[in-house]
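Engineer: Quick mapping for you: the protein sequence lines, in order, are chains A and B.
Here the first sequence stands for residues 78 to 190, numbered as in our numbering.
Here the second sequence stands for residues 129 to 238, numbered as in our numbering.
Don't read these hints as lab results, they were simulated from the structure.
It is possible that some hints are incorrect.
Claimed, not checked - Pairwise CB distance ranges (calculated):
(1) Gly185(B) - Asn103(A): 39 to 45 angstroms
(2) Ser179(B) - Asp136(A): 44 to 50 angstroms
(3) Pro136(B) - Leu88(A): 33 to 39 angstroms
(4) Gln142(B) - Met104(A): 37 to 43 angstroms
(5) Leu235(B) - Gln80(A): 24 to 30 angstroms
(6) Lys94(A) - Val192(B): 45 to 51 angstroms
(7) Val131(A) - Ser135(B): 36 to 42 angstroms
Quick reminder that beta carbons are idealized off the backbone N, C-alpha and C, glycines included.
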Amino acid sequence: EAQVTQNPRYLITVTGKKLTVTCSQNMNHEYMSWYRQDPGLGLRQIYYSMNVEVTDKGDVPEGYKVSRKEKRNFPLILESPSPNQTSLYFCASSLSSGTLEAFFGQGTRLTVV
Amino acid sequence: GIQVEQSPPDLILQEGANSTLRCNFSDSVNNLQWFHQNPWGQLINLFYIPSGTKQNGRLSATTVATERYSLLYISSSQTTDSGVYFCAVEPSNSGYALNFGKGTSLLVTP
Numbered sequence: 078e079a080q081v082t083q084n085p086r087y088l089i090t091v092t093g094k095k096l097t098v099t100c101s102q103n104m105n106h107e108y109m110s111w112y113r114q115d116p117g118l119g120l121r122q123i124y125y126s127m128n129v130e131v132t133d134k135g136d137v138p139e140g141y142k143v144s145r146k147e148k149r150n151f152p153l154i155l156e157s158p159s160p161n162q163t164s165l166y167f168c169a170s171s172l173s174s175g176t177l178e179a180f181f182g183q184g185t186r187l188t189v190v
Numbered sequence: 129g130i131q132v133e134q135s136p137p138d139l140i141l142q143e144g145a146n147s148t149l150r151c152n153f154s155d156s157v158n159n160l161q162w163f164h165q166n167p168w169g170q171l172i173n174l175f176y177i178p179s180g181t182k183q184n185g186r187l188s189a190t191t192v193a194t195e196r197y198s199l200l201y202i203s204s205s206q207t208t209d210s211g212v213y214f215c216a217v218e219p220s221n222s223g224y225a226l227n228f229g230k231g232t233s234l235l236v237t238p
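The task is simple: from the sequences and hints, build the whole structure.
Structural biologist: Next comes the structure, spelled out in structure tokens:
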């Protein structure tokens, strides 16, 4: 089954403790991205990747890192999480940017205390 | 940046009723998608529809790109249709991100 898989689905952590949210897609998509969803602010893009080793900032990249060493994986790294990064996170992928359907992972609910 | 406006913001329907959700956008787009966010927070793809009309069961969508709007029709609504419906667009002149509207929150009552 074609899908985008995020892990974990739920995470509660403490301020400053490094964490990684994994994202993997099995559709051989070139384009992957991360979004966060917050009440009143909607969904906003954090980072995106056009292909392996090609990443760029979205609208809200501060406090996040990404890497794209393999086509199928696009992990989101929070080196020193803070409470304002408490949010619902989504990973998305599409065959390429701009013209083709995007598919979203199940979401990761992160709480930073 | 591009503006994406959805209406109505909230909608309450009785089971079996029909509804139309609207999405207006302020600039030309390469990509337009409709999503349903269920009560568990998952974003479910409904339609990829940068132009034209598509149907999938009780749901259908129409996008008139030249007039910069899209409509999502839900017929014979069911309680499982409850949730938030999002329209998302990718502008033609500045790609790489889907820009989401604020959504329409739908509650279908028995």
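Engineer: State for each hint whether it applies.
Structural biologist: Status of the hints after comparison with the structure:
no.: 1; hint: Gly185(B) - Asn103(A): 39 to 45 angstroms; result: violated, 26 angstroms
no.: 2; hint: Ser179(B) - Asp136(A): 44 to 50 angstroms; result: violated, 26 angstroms
no.: 3; hint: Pro136(B) - Leu88(A): 33 to 39 angstroms; result: holds, 34 angstroms
no.: 4; hint: Gln142(B) - Met104(A): 37 to 43 angstroms; result: holds, 39 angstroms
no.: 5; hint: Leu235(B) - Gln80(A): 24 to 30 angstroms; result: holds, 28 angstroms
no.: 6; hint: Lys94(A) - Val192(B): 45 to 51 angstroms; result: holds, 49 angstroms
no.: 7; hint: Val131(A) - Ser135(B): 36 to 42 angstroms; result: holds, 37 angstroms
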